[in-house]
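Count along the sequence shown starting at 1, add 284, and that's the number in our numbering.
Honestly, the hints are just simulated from the structure, not real lab data.
Glycine included, every Cβ here is placed at the ideal spot set by N, Cα and C.
Errors might be hidden in some of the hints.
What the hints assert, rightly or not - For lysine-lysine, the following BS3-like pairs were computed, each having C-alpha atoms within a straight-line distance of at most 27 angstroms: (1) K354 x K335; (2) K354 x K385; (3) K437 x K335; (4) K317 x K335; (5) K437 x K354; (6) K437 x K306; (7) K385 x K437; (8) K306 x K354; (9) K385 x K306; (10) K354 x K317; (11) K437 x K364; (12) K306 x K364.
Stated by the list, open to error - So the derived label-pair ranges between C-beta atoms look like this: (13) A361 x D415: 18 to 26 angstroms; (14) P388 x N299: 29 to 37 angstroms; (15) G366 x R386: 28 to 36 angstroms; (16) D316 x V382: 20 to 28 angstroms; (17) N356 x P388: 19 to 27 angstroms; (18) P365 x K385: 34 to 42 angstroms; (19) K306 x S396: 18 to 26 angstroms; (20) S396 x S321: 15 to 23 angstroms; (21) D415 x G366: 21 to 29 angstroms; (22) R386 x E439: 13 to 21 angstroms.
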Amino acid sequence: MRRDISMYGGYNESNPLIFGSKAYFEINENFDKFVGSVSIEEASTGKDVVKNLQEIKGTAPSGYTYIFVKVNLEVLASEKPGASISINNYRFEYIDAVTLKRIPSFMFSKNSPSVSEGNPFNGWVGFLVPDGHQSGMIVLSSPDDRQNALWMKVE
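Throw the hints in and build the complete structure from the sequences for me.
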């Protein structure tokens, strides 16, 4: 089976990437190969972020909390010049620490942001998680690849 994503540094469930560290990846998508880097800069249930979100999504349903993760994702090289990777709801997923269920992310923009060489994504990715489950992990993967993912600890 062809791997859609390869991670460097061996960041997996038992050895996740921590805040402020950077990991490198290779993604095959749309017949293109991309090499890039990703890091998590901060996580927040911060009021400003929530306020922006509430204007878009409304308040969190009872029993749930919004978690926001500031992600920096860069494409360092791609096979075809100008090719881009979209950051859709399944690019980053939250893994509930209790149920191990995957929760897709949501974006603040109407259209999925995309990343290409020289055009990084540095922004917030949001998750709606059950109260008390905030110590989970997020994974970066290809939308249809559940095996090969970069695990990152949310603190």
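Status of each hint after checking the structure:
| no. | hint | result |
| --- | --- | --- |
| 1 | K354 x K335 | 16 angstroms, holds |
| 2 | K354 x K385 | 22 angstroms, holds |
| 3 | K437 x K335 | 25 angstroms, holds |
| 4 | K317 x K335 | 37 angstroms, violated |
| 5 | K437 x K354 | 13 angstroms, holds |
| 6 | K437 x K306 | 12 angstroms, holds |
| 7 | K385 x K437 | 15 angstroms, holds |
| 8 | K306 x K354 | 13 angstroms, holds |
| 9 | K385 x K306 | 25 angstroms, holds |
| 10 | K354 x K317 | 25 angstroms, holds |
| 11 | K437 x K364 | 32 angstroms, violated |
| 12 | K306 x K364 | 24 angstroms, holds |
| 13 | A361 x D415: 18 to 26 angstroms | 42 angstroms, violated |
| 14 | P388 x N299: 29 to 37 angstroms | 24 angstroms, violated |
| 15 | G366 x R386: 28 to 36 angstroms | 31 angstroms, holds |
| 16 | D316 x V382: 20 to 28 angstroms | 37 angstroms, violated |
| 17 | N356 x P388: 19 to 27 angstroms | 20 angstroms, holds |
| 18 | P365 x K385: 34 to 42 angstroms | 39 angstroms, holds |
| 19 | K306 x S396: 18 to 26 angstroms | 23 angstroms, holds |
| 20 | S396 x S321: 15 to 23 angstroms | 20 angstroms, holds |
| 21 | D415 x G366: 21 to 29 angstroms | 43 angstroms, violated |
| 22 | R386 x E439: 13 to 21 angstroms | 19 angstroms, holds |
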